[in-house]
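S.K.: Chain residues, written in single-letter form:
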Amino acid sequence: MIKVIQPGLFTTIQDGGRHGYRNIGIPSSGFMDQESAWAANKIVNNDREESLIEITLKGPTLLFNNNCTISITGGDFNPLINGLPIKMYESINVKLGDTLKINNSKNGARCYLAISGGIDVKSIFGSKSFLSNITESYYLRKGDEIKIYDNSNNKILKKNKLKFKLNRSMDVFKGPEFDLLSIKFKNILFESEFTIRSNSRMAYNLDEKAQIGIKSIISSPVMPGSVQLTPSGKIIILHRDCQTIGGYPRILQLDTNSLNNLSQLKSNDKIKFSLITQ
Amino acid sequence: MKASLKSYFIYNESSILISYDNPIDSELVYTISNYKINIEKHIKGCIIEIVQSINSLLIIFNKDKVSSNELISELKKIENKESNYLKSNKIWQIPVCYDTKYAVDLESLANDKQLSPSEIIDAHKSKIYDVLSLGFLPGFMYLGFTHEHLYCERKQTPSLDIKKGSIGIALNQTCIYPQDSPGGWHIIGISPIDFFDLGSKTPCFAKPGDKIEFIEISSKEFQKMKKEKSLKPISK
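These protein sequence lines map, in sequence, to chains A and B.
Note that the working numbering numbers the first sequence so that position 85 is 85, with each residue one more than the last.
Note that the working numbering numbers the second sequence so that position 121 is 121, with each residue one more than the last.
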């Protein structure tokens, strides 16, 4: 069991996501930055989609009531065990009574804490990923007790050669409504830098606005990574917890890598769109 | 079945959007449902899920098993096939209370449309609606099509606190909010029914192609029904 001493800003349990239910309106959820989460699981010998702890901007303090093996990947959050720095991207043996403090992010927006064996929390519609209105909790709170599986026999001492790197260039496909844009705005889209304003697991909003928005469309499917343009000219990039259907024109679509990269950016970071040529 | 005009669009590395240019009507709901069933039946092993919407289908697939272009050519082989899909004749009767205590936008909408609130209520319950699509929120139903007098744009500023069970109208559609939510539809009533059951393997009782009929209830009846746990609609 792991006890939440301080929950951090927004700490959740995530896995590979909830698949097969978008048709009734249930979002996919799952790791924001899949690459980093997969790496964390791999280091502790888990299936890559196994449930783990996703940490956003300001990390939690956790007390371990079991011996276990963990790994931390993703953005650099300067993690400490009993006050001593530990390395990221390698497996760490944690002992009963150890305190893990994950600090504020120095680089990147999210880090991933995997525990060998995964997390023992109820799966709903095939996934343990926290989601408002679907799972009991939406984020971890002070005093929560996270059950983990006893995996003490799982002998692993692995390092991962992956290096964490921020990438502000977003590779995009044309969205279904791309051709409704003026030539002028298409040029602006690919030549300008855009600034991230508010962001959450549902969506990233951009600061810059289009001079002319476009009219809403018939409610149509959207996906994580869909870039919407609202009638008032706002640009929104949907993310993992986004709705399944939306009425704003879908002008671009981020590819999977870019969606992972976007997850590591935060307010005031700049991004650029780059069209994938097919 | 009428010929359909559709296009295949590579949405991202692992999804394809099939959009229809047909007029949006009950026939199109049938055409799309029919195609979805055929895809589920004939294309095995590579599809993760299919999202059915009002005039499109989004096919999400495993890109390690098939490429977009391979999948599109597989899809085209079965695009005009008849399926054993039967037009649903299920009509779900949904109790609705139109009291302005809950129908928070009824009066302003009536003003805009230069109708009386009761004319709006009568027009709303006069039709039997097709379930066009489920989505946006878990169990949110898009229903079509409303009486032409009720046509309206979405609200300019979305409400932040729409109550669970609220019945909205916008464009030529009506909808049901299965949970408390922000939203841009004009709220003209509320239903005491649970539209999304977390504990069930089929959390939504209705599916695209089914029909919905609204039955007016009083505020008192609403209060009484609201107290009954997990109230289900009647189907006829």
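Do not rely on the hints blindly, as some may be mistaken.
[As the list claims (entries may be wrong)] Chain A is faced by these chain B residues, among others (derived, beta-carbon under 10 Å):
id, residue
1, Val51
2, Pro117
3, Gly139
[Stated by the list, open to error] Which stretches of chain A does chain B cover? Using the computed rule of at least three CB atoms under 8 Å from a CB of chain B, they are:
id, segment
4, 100-109
5, 214-227
6, 246-260
FYI, nobody ran anything at the bench for these hints, they're computed from the structure.
All figures in this text were calculated on a predicted structure; none of them were measured in a lab.
Backbone N, C-alpha and C define an ideal beta-carbon position, used for all residues, glycine too.
S.K.: State for each hint whether it applies.
M.R.: Evaluation of the provided hints:
{"no.": "1", "hint": "Val51", "result": "4 Å, holds"}
{"no.": "2", "hint": "Pro117", "result": "26 Å, violated"}
{"no.": "3", "hint": "Gly139", "result": "6 Å, holds"}
{"no.": "4", "hint": "100-109", "result": "violated (count 0)"}
{"no.": "5", "hint": "214-227", "result": "holds (count 7)"}
{"no.": "6", "hint": "246-260", "result": "holds (count 6)"}
Hints 2 and 4 from the list above are not met by this structure, while the remaining hints are.
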